[in-house]
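Chemist: The number in the numbering used here is simply the position in the sequence shown, starting from 1, with 249 added.
Everything labelled a hint here was simulated from the structure, so no lab data went into it.
Careful, some of the hints might be misleading.
Calculated cross-link-like contacts (lysine to any residue; reagent style SDA-like; alpha-carbon spacing at most 25 Å) [what the hints assert, rightly or not]: (1) K327 with P294; (2) K327 with G299; (3) K327 with T295; (4) K327 with V300; (5) K327 with I312; (6) K327 with A316; (7) K327 with V291; (8) K327 with R302; (9) K327 with G317; (10) K327 with V307; (11) K327 with G277; (12) K327 with R288; (13) K327 with D297; (14) K327 with V290; (15) K327 with F311; (16) K327 with L296; (17) K327 with G304; (18) K327 with R308; (19) K327 with Q293; (20) K327 with L298; (21) K327 with E303; (22) K327 with T306; (23) K327 with E305; (24) K327 with A286; (25) K327 with P287; (26) K327 with V301; (27) K327 with G276; (28) K327 with E310; (29) K327 with E314; (30) K327 with A309; (31) K327 with V313; (32) K327 with N315.
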Amino acid sequence: MRVRSIRVTLVAAALLACAGSVPAEEGGTPAPAPADAPRIVVAQPTLDLGVVREGETVRAEFIVENAGRRELRILRAKPS
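Given these sequences and hints, build the entire structure.
Modeler: This is the structure:
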């Protein structure tokens with residue numbers, strides 16, 4: 250019985266130690282971007298293609314522009 254309580258105590262202590270190392274989310278508003286930062290602009294950001302059946306191919310084109318002064322890098326894009 251004593252060994253079990255020691256194990257429970259050690260597991261609880263380990264969990265508390267791990268939980269304490271995770272940073273909490275900061276509230277409030279994020280800092281504004283620098284004036285010369287890249288700024289993505291999409292003329293038509295959404296498109297409703299209606300019902301698409303399984304196996305059916307649909308095509309859409311989005312025009313993306315950089316309205317900022319620095320290089321805009323798009324590292325990944327995926328459909329929603």
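Chemist: Look at each hint and say if it fits the structure.
Modeler: Consistency of the hints with the structure:
no., hint, in the structure
1, K327 with P294, "13 Å, holds"
2, K327 with G299, "18 Å, holds"
3, K327 with T295, "13 Å, holds"
4, K327 with V300, "19 Å, holds"
5, K327 with I312, "15 Å, holds"
6, K327 with A316, "22 Å, holds"
7, K327 with V291, "15 Å, holds"
8, K327 with R302, "19 Å, holds"
9, K327 with G317, "23 Å, holds"
10, K327 with V307, "14 Å, holds"
11, K327 with G277, "29 Å, violated"
12, K327 with R288, "19 Å, holds"
13, K327 with D297, "16 Å, holds"
14, K327 with V290, "17 Å, holds"
15, K327 with F311, "12 Å, holds"
16, K327 with L296, "14 Å, holds"
17, K327 with G304, "18 Å, holds"
18, K327 with R308, "13 Å, holds"
19, K327 with Q293, "16 Å, holds"
20, K327 with L298, "16 Å, holds"
21, K327 with E303, "18 Å, holds"
22, K327 with T306, "16 Å, holds"
23, K327 with E305, "18 Å, holds"
24, K327 with A286, "23 Å, holds"
25, K327 with P287, "20 Å, holds"
26, K327 with V301, "17 Å, holds"
27, K327 with G276, "28 Å, violated"
28, K327 with E310, "13 Å, holds"
29, K327 with E314, "17 Å, holds"
30, K327 with A309, "12 Å, holds"
31, K327 with V313, "14 Å, holds"
32, K327 with N315, "19 Å, holds"
Checked against the numbered hints above, the structure violates hints 11, 27; every other hint is satisfied.
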